[in-house]
Amino acid sequence: MGKAKYWSIVYLMVPIFGVGLFVAAPALRMWLPADVSEHGHTIDHLFVFIMYLTGAVFVATECALVWYLWKYDSKSNPAPTKFTHGSHSLEVVWTILPAATLLFIAIYQINAWADQKLVRRAPVESVGPDGVRGTADDVPKAPIAEVTGRQFEWRIRYPGPDGVLHTRDDLLDVNDLHIPVDEELVLVIKSEDVLHSFFLPNFRVKQDVVPGMKQKVWFKAVKGSEGRSYDLVCAELCGWGHYKMKGRVTVDTQSDYRAWLEKLSFEQHKTSEPPPATAEEQ
Amino acid sequence: MSSHALGDHGHAAHAHDLHDHAAHGHQMSFIGKYIFSRDHKIIGLQFLFSTLLWFIVGGLLALGIRWQLAYPWSKLPILGDMLFSGEAGQMSPEFYTALFTMHATVMIFLVIIPILAGAFGNFLIPLMIGADDMAFPTLNMLSYWFMWPAFVCFGMTFLTAGHGAGSGWTSYPPLSVIESAAPASGMAQTWWLLGVTFVGVSSMLGSVNYMTTIIQMRAPGMTMFRMPMTIWGMFITAILQAFALPVLTAAGFMQLLDRVWDTGFFVAEGATANNAAAMSGGGQPLLWQHLFWFYSHPAVYIMILPAMGMVSDMIACFARKPLFGYKPMVYSISGIAGLGFIVWGHHMFVSGMNPVLGVTFMLATMMIALPSAIKVFNWLGTIWGGKIHFTTPMLFAVAFVSMFIIGGLSGIYMAATPVDIFIHDTYFIVAHFHYVLFSGTAMAVMGAIYFWFPKMFGRMMHDGWGKVHFLLTFIFLNGTFYPMHLLGMVGFPRRLADPYHYETFAHLLPMNQFMTWCAIGMVATQIIFAINFFYSMFYGPKAGRNPWHANGLEWCAPSPPGHGNFDFQPIVYRGPYEYGSPETDEDYYPQWHPPKQGESSGGEEPKPH
Numbered sequence: 001m002g003k004a005k006y007w008s009i010v011y012l013m014v015p016i017f018g019v020g021l022f023v024a025a026p027a028l029r030m031w032l033p034a035d036v037s038e039h040g041h042t043i044d045h046l047f048v049f050i051m052y053l054t055g056a057v058f059v060a061t062e063c064a065l066v067w068y069l070w071k072y073d074s075k076s077n078p079a080p081t082k083f084t085h086g087s088h089s090l091e092v093v094w095t096i097l098p099a100a101t102l103l104f105i106a107i108y109q110i111n112a113w114a115d116q117k118l119v120r121r122a123p124v125e126s127v128g129p130d131g132v133r134g135t136a137d138d139v140p141k142a143p144i145a146e147v148t149g150r151q152f153e154w155r156i157r158y159p160g161p162d163g164v165l166h167t168r169d170d171l172l173d174v175n176d177l178h179i180p181v182d183e184e185l186v187l188v189i190k191s192e193d194v195l196h197s198f199f200l201p202n203f204r205v206k207q208d209v210v211p212g213m214k215q216k217v218w219f220k221a222v223k224g225s226e227g228r229s230y231d232l233v234c235a236e237l238c239g240w241g242h243y244k245m246k247g248r249v250t251v252d253t254q255s256d257y258r259a260w261l262e263k264l265s266f267e268q269h270k271t272s273e274p275p276p277a278t279a280e281e282q
Numbered sequence: 283m284s285s286h287a288l289g290d291h292g293h294a295a296h297a298h299d300l301h302d303h304a305a306h307g308h309q310m311s312f313i314g315k316y317i318f319s320r321d322h323k324i325i326g327l328q329f330l331f332s333t334l335l336w337f338i339v340g341g342l343l344a345l346g347i348r349w350q351l352a353y354p355w356s357k358l359p360i361l362g363d364m365l366f367s368g369e370a371g372q373m374s375p376e377f378y379t380a381l382f383t384m385h386a387t388v389m390i391f392l393v394i395i396p397i398l399a400g401a402f403g404n405f406l407i408p409l410m411i412g413a414d415d416m417a418f419p420t421l422n423m424l425s426y427w428f429m430w431p432a433f434v435c436f437g438m439t440f441l442t443a444g445h446g447a448g449s450g451w452t453s454y455p456p457l458s459v460i461e462s463a464a465p466a467s468g469m470a471q472t473w474w475l476l477g478v479t480f481v482g483v484s485s486m487l488g489s490v491n492y493m494t495t496i497i498q499m500r501a502p503g504m505t506m507f508r509m510p511m512t513i514w515g516m517f518i519t520a521i522l523q524a525f526a527l528p529v530l531t532a533a534g535f536m537q538l539l540d541r542v543w544d545t546g547f548f549v550a551e552g553a554t555a556n557n558a559a560a561m562s563g564g565g566q567p568l569l570w571q572h573l574f575w576f577y578s579h580p581a582v583y584i585m586i587l588p589a590m591g592m593v594s595d596m597i598a599c600f601a602r603k604p605l606f607g608y609k610p611m612v613y614s615i616s617g618i619a620g621l622g623f624i625v626w627g628h629h630m631f632v633s634g635m636n637p638v639l640g641v642t643f644m645l646a647t648m649m650i651a652l653p654s655a656i657k658v659f660n661w662l663g664t665i666w667g668g669k670i671h672f673t674t675p676m677l678f679a680v681a682f683v684s685m686f687i688i689g690g691l692s693g694i695y696m697a698a699t700p701v702d703i704f705i706h707d708t709y710f711i712v713a714h715f716h717y718v719l720f721s722g723t724a725m726a727v728m729g730a731i732y733f734w735f736p737k738m739f740g741r742m743m744h745d746g747w748g749k750v751h752f753l754l755t756f757i758f759l760n761g762t763f764y765p766m767h768l769l770g771m772v773g774f775p776r777r778l779a780d781p782y783h784y785e786t787f788a789h790l791l792p793m794n795q796f797m798t799w800c801a802i803g804m805v806a807t808q809i810i811f812a813i814n815f816f817y818s819m820f821y822g823p824k825a826g827r828n829p830w831h832a833n834g835l836e837w838c839a840p841s842p843p844g845h846g847n848f849d850f851q852p853i854v855y856r857g858p859y860e861y862g863s864p865e866t867d868e869d870y871y872p873q874w875h876p877p878k879q880g881e882s883s884g885g886e887e888p889k890p891h
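Chains A and B, in that order, give the protein sequences.
The first sequence runs contiguously to residue 282 in our numbering.
The second sequence runs contiguously to residue 891 in our numbering.
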């Protein structure tokens, strides 16, 4: 064994530590955070699917690299150079195989994307007279709240008893979003100043909010998540206080959720003075 | 501009110029020769030294980021007392945003792009194609000197009152446009935009020159398909620059107008922040993102294709074997360049862009992984069956391949749109582009410095210390960047001055401390490189013309080449990768060696099997 073979071992460390760290990751609590959304498992599944696929390619190519470095080391390999400029058939094989794989991933994931982002696939109250979902006569589900990003807080507006946003009975809060468990829900998200991103790690939701645009996100908190609260993170640079633009999302049972709204309503509408947040909201 | 600048008179005509140039060189004053030089080699070295200096700045900025992520709000070592005497030496969040903004800006605009195109492109293109200089030497000089206004502008962002530009290197409006949204940025953001514009001018001048030189000034016999991959990388990069850069320049001016005269191209109606008076707006923040990424995505390839070319040359040379699949390699970098123009939207999957449009960009993005895969397979094919010499440049070149596999594969995660919903703007992305740009391109650049140093300075760098430098850099870079994948899996967001007050991320502090110490080790390791570099420049062993027994034309010129490069007119007889050819007794067959009596000139075409 020539001394230079130690270098092959240096490169061998790449697949060993590369895979090893991912194997150790769950024990280090460095894995996808707990998923409490209904759709999240499709994203997680896709992530893990790509991880195994790329992991296999990673191990195969890194090991081939190390093996060739080891075997064809000039210090120990007496064989002359294989004088070749390439192989047409190999090129064809390693063009078509990855192309097919990549195309498969591309097609395989389209539906999960559409379910999350196409407004046509947002939850509906009813599908309308034609009985077909995704058509113009659908009655879209009313948003349970409007979330407005603002340097450096999340302002939350519930529609109040009348179920309509931007009316006198709206309920306002900051950084503290409550949602009912086990219910398909829609949020309207927007920005009042600069870009922010509405990121709920545990719900696998992320959408930038853009001033001048109103967007919808929809998800469902699964049973078992009630009584807990989760992080709401700003994931798009929004200024010096970006790091502290933190909110919490609390999943309530239906009765807790109603009680929460009643509490807000009592605080904001049974008092003699209008709440300050309302005044600022014009 | 000298008479040959038009380059329209074929190849042989250069020969008679050579003598004049050589004579001319001795009469030049110091300023003409080393400062306002029109010699591509000097300009290349000017770029090299300037970019390496900025590399130090960029690296120190990175350490500032790492310090805050490892020891949030603790006293910043060394500089803390000076910069933040009022806050007991702890950095402010404004300063943190400026740190990552300027780290990326410096590394991208002042290090990677100019070190590849400016330093190596300038130094290598004429030498490798057998020309005596660039097509437009004066333009070439200007391309370097237009970097200086950029240096000044970016320097001003550090010096202006407040805390420096703080909108990220992407400078997304409205944050970058509405002054009250980022009060600490102030004039710094305006300086930043001017700086980017000057860098653009410099790149554009370089790119026009490279295209013309490569098309017009190749030595006799140097057909397009006999060019080394380095030249192909530079050529395709120049084309990318020429077509993508005007868009950034235009967009930059629009943002400048938005800032200075409230034109409102990139802000919505009634835009405001921090309770300031509303602007009339009428624009769209997403428009900037489209324009910015229309340049900056191709720029990603501008930052890797020349590196891929240089790595191909180094691997073939030290595997003593022809590059496997030369033409597929050429087609795949062309494919990357072509597709590179239609994938910019993958930076915007969750930006609010039409999700159906997102699908189009997803498909193109998936497909751009293909040519990258082909390149990796061909590098493996090159190493297979060779006789590998583990020199320092080879170690770096192989590290490029090994690391690029990681950076390439992690790209597939974010190309998959639903996965991107989760990992977008997390450390998974940070891991991905550092694997491509640092572990990839920077490794290739290091290797290239060791490889072409003898041609640049006529002396060899120390191989033993080079290997120490390689080993430590390789270990520390993986210690710094690999765990970022895991952080990204947790959803750890980028650009947060203190992410640990989030329940989800609180437990990630120890890992960040480990990464920070690796980063410190990595930066410290570069001291070995710097000493080796400067010591070897003056005291290294003399290299001779062709110390690596390589095939490229640059190795037939004297080391270092004089003014006019070649002391004879090189004529090219074969492709650049005829290593181990049965036609000669040596294990290499330089491009300029005339074929032996009664033999063919060496295969340049891959023979179908």
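Bear in mind the hints are in silico, worked out from the structure with no lab data behind them.
Glycine included, every Cβ here is placed at the ideal spot set by N, Cα and C.
Be a bit skeptical, because a hint or two may be false.
Said to hold, decoys possible - Restraint-style ranges between C-beta atoms, simulated for each label pair:
no.	chain 1	residue 1	chain 2	residue 2	range
1	A	F83	B	Y613	16 to 24 Å
2	B	E369	A	A24	35 to 43 Å
3	B	D745	A	P78	38 to 46 Å
4	A	K216	B	A812	50 to 58 Å
5	B	W747	A	A100	41 to 49 Å
6	B	K878	A	S89	43 to 51 Å
7	B	F525	A	F83	33 to 41 Å
8	A	A60	B	Y613	36 to 44 Å
9	B	F525	A	E184	40 to 48 Å
10	B	G746	A	S89	38 to 46 Å
11	A	S255	B	D363	54 to 62 Å
12	B	Q795	A	P78	29 to 37 Å
13	A	F83	B	G746	27 to 35 Å
14	A	K75	B	E369	31 to 39 Å
The hints, checked one at a time:
For F83/A paired with Y613/B, a C-beta distance near 22 Å keeps the hint of 16 to 24 Å intact. The given range of 35 to 43 Å is respected by E369/B and A24/A, whose C-beta atoms sit roughly 38 Å from each other. The hinted window of 38 to 46 Å between D745/B and P78/A is violated, with their beta carbons roughly 24 Å apart. Between K216/A and A812/B the C-beta distance comes to about 54 Å, which sits within the given range of 50 to 58 Å.
Taking 41 to 49 Å as the suggested C-beta distance range, the pair W747/B and A100/A conforms, at roughly 47 Å. Between K878/B and S89/A the C-beta distance comes to about 32 Å, which lies outside the given range of 43 to 51 Å. Judged by the Cβ atoms, the range 33 to 41 Å given for F525/B and F83/A holds: they are separated by roughly 39 Å. Look at A60/A against Y613/B: about 24 Å separates their beta carbons, and that is not inside 36 to 44 Å.
The beta-carbon spacing between F525/B and E184/A, approximately 46 Å, falls within the hinted interval of 40 to 48 Å. Judged by the Cβ atoms, the range 38 to 46 Å given for G746/B and S89/A holds: they are separated by roughly 43 Å. The beta-carbon spacing between S255/A and D363/B, approximately 57 Å, falls within the hinted interval of 54 to 62 Å. With their beta carbons about 49 Å apart, Q795/B and P78/A fall outside the hinted range of 29 to 37 Å.
Checking the proposed 27 to 35 Å range against F83/A and G746/B shows it holds: the Cβ atoms sit about 32 Å from each other. Taking the beta carbon of each, K75/A and E369/B are about 57 Å apart, not inside 31 to 39 Å as hinted.
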